[in-house]
Amino acid sequence: MILATYDLWAFVSDNQEELLDGLLNTLKVSAFAIAGAFVIGLVLGAARAHRIPVVSQLTAIYVEVIRNTPILVQIFFIFYALPQLGIVFDQFTVAWLSVMIWGGAFNSENFRAGFQAVAYRYREAGYALGFAPFSTFLNVTLPIGGRIALPSSINTYISVLKNTSLMYVIGYAELTTTSLNISNLTLQTTESLTMLAVVYLTLVWSLSALIRLLESRLALPESR
Amino acid sequence: MTASELAIVGEPDGANGAGPVVRVEGVRKSFGSNLVLDGVDLTVAAGDALVIIGRSGSGKSTLLRCINLLEPIDDGRILLEGDEITGKGVDVSRVRQRVGMVFQQFNLFPHLTAIDNVTLAARKIRKLSREQAERRARELLKTVGLEEKAEQHPHQLSGGQQQRVAIARALMMEPHVMLFDEVTSALDPELVGEVLIVMRDLARTGMTMLVVTHEMQFAREVGDRLVFMDEGRIVEEGVPADVLDNPSDERTRRFLRRTLQLPESLEELTVNEEGVEE
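Going line by line, the protein sequences match chains A and B. All letters in the first sequence, in the order written, are residues 1 to 224 by the working numbering. All letters in the second sequence, in the order written, are residues 1001 to 1278 by the working numbering.
The set of hints was computed from the structure by calculation and includes no laboratory data. Since this is a predicted model, take the numbers as computed values, not measurements. Heads up, some of the hints might be wrong.
Said to hold, decoys possible - Pairs of lysine to any residue, SDA-like flavour, derived with a Cα cap of 20 Å:
| no. | chain 1 | residue 1 | chain 2 | residue 2 |
| --- | --- | --- | --- | --- |
| 1 | B | K1088 | B | R1028 |
| 2 | B | K1127 | A | F137 |
| 3 | B | K1124 | A | R123 |
| 4 | B | K1124 | A | L142 |
Generate coordinates for the entire structure from the input sequences, incorporating the hints supplied.
Here is the structure:
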């Protein structure tokens, strides 16, 4: 009986405008969060790899807190607890901010590992040519270590994208929230979940394909 | 490569050209409780090729690294073209721009092609345009016999080729002195010659050079002066052929005997826990 009424296409076409808005919100939140996680990871990862005082210790605490607490708790904290302290964000800001903070923590570990994997002799060659320490970072450690960090940071970006679906818990109308809200009214739960699976699969596949293309162009020559 | 082709490479400025290029005065250096340099005095005149020999751990590599400020010294001072470079407030990066260094492990940047390795510092530090830098880099690659390999990455080159690119990379900054830190020690025997030939030609252009090496033939034929180091001190110094053929110090004699540089048949030698039996 239930199978007889299964109509994925009807679900999508009847609600296409709402679903499209949801998809765009998912993409928007992911783009903000991934860009932010990239910058956070790069800067804090470099600070930790070079043991910059204070920043390095604070980063370690940040990473430990984020890695050892559930992301759901982090989202709730930003959405419910911070307003009690007088810090109020709208749903969209909470959405990208929470996954960005989460992704930034993991990504700073990715970059830290990448920069630390750059053999000291390359940096020394940079110094010997007359590069100052920061220029050595920009011209030697960053291009070599960034390439080493690329595969693991890609995995973090993919997790960031998938984690945007958790915004269901704060009711932000990204794709998952939109689709589940519709099916709650129309009882098309199976159609809704099938559609979500297909769309996320396509999104993540495309993102991976795009970044792997980038990766193959950037990879250190000997590992190509 | 001919001497005239390399002659465009930077030489000491006229103003400072008269005095020694490098002057090391009473330099001491420890790593923890291990005294590596124990009061080293050394003067290298402009255009001289000074060869430093000694067993591993004698402090010869550390001495080179101190001159390039890659290691801080504990005591004494080092002068480059008359300027004290080991004092406070010295712009370390600017000093290093006047000092070229070539390493045992080549240390070419793995993500860059040969020509990009050569041009990187010139473009970023000397602010040459890519076009200017590449023109000069191709000349230098030609002088080390590698113009055909300009677009190759380091891993596509042999050790000898990588080391020649590394020499071109150092020369690109127009250094006033070149430091060679056991640059043939990591090479297969058949690749040693090509690197030594490039160094010989460079010495003939009048480049001031400090060469830490185990290549005694190079020391003899190319070196203007030779220094033997032992336990952080300079034990003997002189014209290479004199030191190698008639070492005056017992430690030099023992070292040369062990490295089989003295006419000695392998047949007559035995080994103990110290190495070659005296």
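Subject >> Structure versus earlier hints, numbers of those that do not hold, lowest first >> reply: none
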